Amino acid sequence: MNYQRNINNYTLYRFFYGMLIIGPVLTPYFRLKGLSYTEIMWLQSIAALSHVIFEMPTGVIADKVSRRLSLMLAGMCIGVAMIIYILTHSFYAFAIAEALFGLGLTFGSGADSALLYESLQRLGRENEYARIDGRSASFVFAGQGVGAIISSLLYTLNPDLPFWVSVGSAFTAAAFALRFVEVERKKCAHQYHIHVYQSFSIAIKTPRILWIVLLAALMGFASRSGFWLYEPYFTLVNIDVVWFGAIFCFFNIIAAISAKVLVNHINKYRFALLMMGVLLAVSFILPALWVMPFSIIFIGLQQIVRGAYRPTLNGYINRQIEDTHRATIISIVGLSANLSFAFFSPLVGMYLDHSGTLSTYWITGIITLTGVSLLTLIRRAQKSHVTLEAA
20 MNYQRNINNY TLYRFFYGML IIGPVLTPYF RLKGLSYTEI MWLQSIAALS
70 HVIFEMPTGV IADKVSRRLS LMLAGMCIGV AMIIYILTHS FYAFAIAEAL
120 FGLGLTFGSG ADSALLYESL QRLGRENEYA RIDGRSASFV FAGQGVGAII
170 SSLLYTLNPD LPFWVSVGSA FTAAAFALRF VEVERKKCAH QYHIHVYQSF
220 SIAIKTPRIL WIVLLAALMG FASRSGFWLY EPYFTLVNID VVWFGAIFCF
270 FNIIAAISAK VLVNHINKYR FALLMMGVLL AVSFILPALW VMPFSIIFIG
320 LQQIVRGAYR PTLNGYINRQ IEDTHRATII SIVGLSANLS FAFFSPLVGM
370 YLDHSGTLST YWITGIITLT GVSLLTLIRR AQKSHVTLEA A
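Under this note's numbering, the residue at position 112 of the sequence shown is numbered 131, and the numbers go up by one with no gaps.
Please keep in mind that the hints were generated in silico from the structure rather than gathered at the bench. A couple of the hints might just be wrong.
20 Å max Cα-Cα, derived EDC-like pairs, lysine to aspartate or glutamate [claimed, not checked]: (1) K52 - D179; (2) K52 - D259; (3) K83 - E203; (4) K52 - D372.
Quantities reported herein were computed from a predicted structural model and do not represent experimental measurements.
With the hints as constraints, model all of the structure from the sequences given.
Put into structure tokens, the structure is as follows:
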């Protein structure tokens, strides 16, 4: 089997799958369509809930049927969802689009990283996983940086144009998915519900994986809320939408450097993940302290996490799990992040509408910092338990 082809194709797939240039203009676009912040965050809750509902079934499809099929469906679903964004104005139509978008994300969740890791493993190069995944992510972030500037310019010409470009990118990713070679591996012979039960059992009974599930819940809330809080802060400090693309380009440069450089120097995975949580907390608190355009530098700290989090998280998980349950376990971790965001995102939207941007930044930062502190205590307790058992 030509597993080297998978490694080469992985970067191309990730690039087009990630080249959705709608980020800088997504919130203004929703506002243009008449949605309040509360409605926007309800839509994100719907997307996250659909992610929760579909996470396990799609993870099992990747584990038991085909990684390649799963990745192809990911691009197709996302492309169709964005077409619905363009053609409709109803909140309920947007809700359908968000559910479809969530389905697409679940098809891609875990399957791509599992395929890369298994291809490297068959070639005896699994230690290169974090480097290759980080390099691929850096290309995506660099492309998104350029795309961000283009997005704002296109938006000023026609608000729909960035979405049409992203539709083309999603469908291109689906085409590249068909070029993957399925890795010959042992597939779980159990029925669906048994496979899911076993995967949850592994996640609960393995202390390190359970800790990662809890961490993902915190990071899912903080990092994704952060994205939807960009535009309110930009508006607060009087930054015009035409500059959003340049700011997002700056953000993507930071993320690209983080993914390409920082990941290669991470040895202590759990400590690094905790520090990423601290960075997120600081990125909310400092802009609330110093309310000025310059404070987008502090918000930029989130991009360090954005670049390094996925390669670090998946690199850590892949070392703990066997092939038969790998994609499903990664999906469980994703499920935790999405369930957390689904619950808290409407509250963030309502708080934003009723209490304002600064109060929302403060409360989000405090919650994140508290969560990191609790995870640190849990980590220490797990280490103490292992030490006592060894004694």
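Tested hints:
1. At most 20 Å may separate the alpha-carbon atoms for a hinted pair to count; K52 and D179 meet this at roughly 11 Å.
2. For the hint linking K52 to D259, the alpha-carbon distance of about 18 Å falls within 20 Å, and the restraint holds.
3. With a C-alpha separation of about 12 Å, the suggested pairing of K83 with E203 holds against the 20 Å cut-off.
4. Distance check on the hinted pair: K52 and D372 sit about 17 Å apart at the alpha-carbon level, within 20 Å; holds.
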